[in-house]
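Read top to bottom, the protein sequences are chains A and B.
Everything in the first sequence is counted per the numbering used here, starting at 1 for the first residue and increasing by one.
Everything in the second sequence is counted per the numbering used here, starting at 1 for the first residue and increasing by one.
No wet-lab data here; the hints were simulated from the structure.
A virtual CB, placed ideally from N, CA and C, is assigned to each residue, including glycine.
Any given hint might turn out to be false.
[Unchecked claim] If the Cβ cut is set under 8 Å, some of the chain A residues that face chain B in the computed set are:
| id | residue |
| --- | --- |
| 1 | ILE80 |
| 2 | SER82 |
| 3 | ALA84 |
| 4 | GLY88 |
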Amino acid sequence: MAEQPDTITAASGSVDAGIIAAKPPLRLSAAEHRRLARRFYLRRSAVGYLFILPNLIFFVVFLVYPLLSVIPLTFENGGIISPAQWVGLQNWQTVLNDPIFRQVITNTFEYSLMAISAVFIISFGLALLLARVQNNRSTGLIRAALYFPTLTPVVVAALIWNFVVQPDFGILNVGTHALGLGSTNWLGNTSLVLPAIAMLEVWRGVGFWTLLYLAAILGLPRDLFQAAQLDGAGVWQRFIHLTLPLLRSTFIFAVIWATIANLQLFDSVFILTDGGPGYSSGSIVWYIYRMLFQFNLPGVAASASLVLLLITLVLVVVELKLLRMRRR
Amino acid sequence: MDTLERDIELYVNRRISRTQLLKTAAAAGLSGSALLPMIHAQAASLPVRPKRGLRGPAQITFIKGPHSANEVAIERKLIAQFEKQHPNIKVNFTMYQWPVMDATLEAGYASPNPPDVAYLVDMVYPKFAAAGTLENLAPYISQAGYQSEIKAFLPAIWKLGNYRSTQYGIPSLGAVYHIFYNKDLFKKAGISRFPETQDELLTAAQKLRKGNTWAFTLRTNLADYAYWDWFPYIHDVGADILSADQKKNALNTPKAIAATQFLADLQNKYKVAPPAGQYNWNDDIALFQSGRTAMQHGEGPEILTLQSAKPSFNWDIALAPRPHGASKQTVMGNFGFLMMSSRSQNKEATWEFMKFWSGAKNIQSFAEQVGLQLVRTDVPDAFKSNPLLYELQHSLFPKVQGIQAATQMRQILALMWPNIESCYHGQVTAAQAIQQAAQQIDTLAAFN
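Only chain A is shown next, with the shape it has when bound in the complex (with noise of 0.2 Å):
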């Protein structure tokens, strides 16, 4: 075996000539290792970033650009079919000095309120009993039926709806009819039609989240739940104490998604009662629709669309700050 050659004495020909001539340690400068670390991380997310690309596009294009487009908008008459003229606040003010635009935020409201909380309570409740039966072999036919009607289009079910309330024959009125309480004039009567209009939404909504629900339901873990029935606690505190808290986060989504969902009321108003009677059953959409198609004041709905977005955005945040607070 080749004697390894003794470096130091090769070095500088003496045991004495010291110290190991180590090679010093590699030092990076700040800014090359800032650079070198950007380099890697950028390597790494390349190919995460070139995924999302197409949906980022499309995200920009179709709605970004747009909702920033529309800016510029609510300070100008015309801008579609017309050249567009600079008319300052006037727009601003004709939307917040509008009585039917003040109408229609409070029938968004109340039909909002109407519809969440009734599918809510009702597709809860059903997704809880049928966690109860889940390994009925009937189960499965219990959920198709229930999400049917979450497949039917928007428009085909008011179609359907406007024939459910008819007051001669619609199925409503043969049951209130049979209840001795005489036939209803849902979509004509101005305290009725903002709660048929719910009810439709009830009837298409309710199959989405049962289903919702029900997922969480079957995801919760199972030996919490026997802990608790174990230590004595029953059915009821075990609902109040471990399945409402756990089921909290799909609370927050639900909430989150039906609020924005519920605030963009327009099929259902426009196919069944074009706003009316009177002013009754407009939303903010419809009233949007309106101005812009039928009146051709584009920077009166550009508004009125911006109005939506902040009234959107307070709620959603004001729900987040509620529904995170915890219990001291």
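Once you've looked at the hints, dock chain B against the given chain A.
Below, chain B alone, put in the same frame as chain A:
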């Protein structure tokens, strides 16, 4: 200066950029604005490039709302005849649906390729005309061969296609809103003829209202264009939405208030008509066809529907009865026009198609197939095979008083109608409803 002239020539022929030209001008001590006349002079001296011949036929797009379930088949046949006569023009037919007519047309006119020719109704076209999307037809209608055609149109309808002294539309079709009545129910109630006055209407209606049979139905919802059924009663007493100069409302009169209150009373006080909002227009038609309504406000195309449905009773058509204080008895109608886009790339071809489609022979054939009315005076044989449509065309149609062409008419009707609807619901009196409506009309009319 030679350098500047050379650079101007190069710029006009697109050999150098504007920046380079401006640098040369600056070196010669000239500003950009001083260059302009020199550039224009250079451009004018260029030889005119001959227009390239069309490669293949000119393509035009025609958009229209459906007046029949067979609209597409009818249009295809007409277009085939047109293309046979004009082999160098191809017509692409497309439709808008009536409930989304505004949105479809607005999107179409805002797009880079607006429809070359559109069927627009009197209530809608002024807003597009005001926006500059429609072509002024003066150069076309002033052509020598077209003068006899203009004389063939009803003067009042021809004028309706004129907005702010500009002719935008060629009149095509009219829809007349009248009353259908069940002759068997009338006979059973001992009523010998259709009522001609408000008092006769009430007397007849009270005799006809029995069990689940309604005496009278009229539209009440904005979505159903309910104002068409209300207008004859208003027009008969000399009122209208706007004054002649379109600067203020012409609605707030005692007679108009009384006429509106009468219609509301039929529903709420006398209960011979269903409560407002209980039925939509389709329900009204179904109720009449099933023999559950004695008198129903309807329109011309429903005649063909009823004739093909063959209900088990005899029926006829009539004018709306005159309200108290009426000076005339009118029929409501609205009209459709063919209009050219100001951005059409094939205006000559479009004009040829417009002349063809609105010509006597073709429009007569179309109207007879869909049950709409003709706005020409040179078609005396029209509807001879259908006595009811013939009666509608020759007896009722001449009494039409239609809508006023105003930019904000659509908006005015949409804003003011809920007040009338509230009156129909019994929530306010007609005086309150019309006063509120009049204020809204005055506010919007100020923008005319």
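> Does the nearest C-beta of chain B fall within a distance shorter than 8 Å of the C-beta of SER82(A)?
Replying inline: holds (4 Å)
> Does ALA84(A) pass the interface hint, meaning its C-beta sits closer than 8 Å to a C-beta of chain B?
Replying inline: violated (11 Å)
> Regarding the hint that GLY88(A) lies at the interface with chain B, is the smallest CB-CB distance below 8 Å?
Replying inline: violated (17 Å)
> At a threshold of 8 Å, is the proposed contact between ILE80(A) and chain B supported by beta-carbon distances?
Replying inline: With a closest approach of 5 Å, the ILE80(A) hint holds.
Going through the hint list in order, the structure does not satisfy hints 3 and 4.
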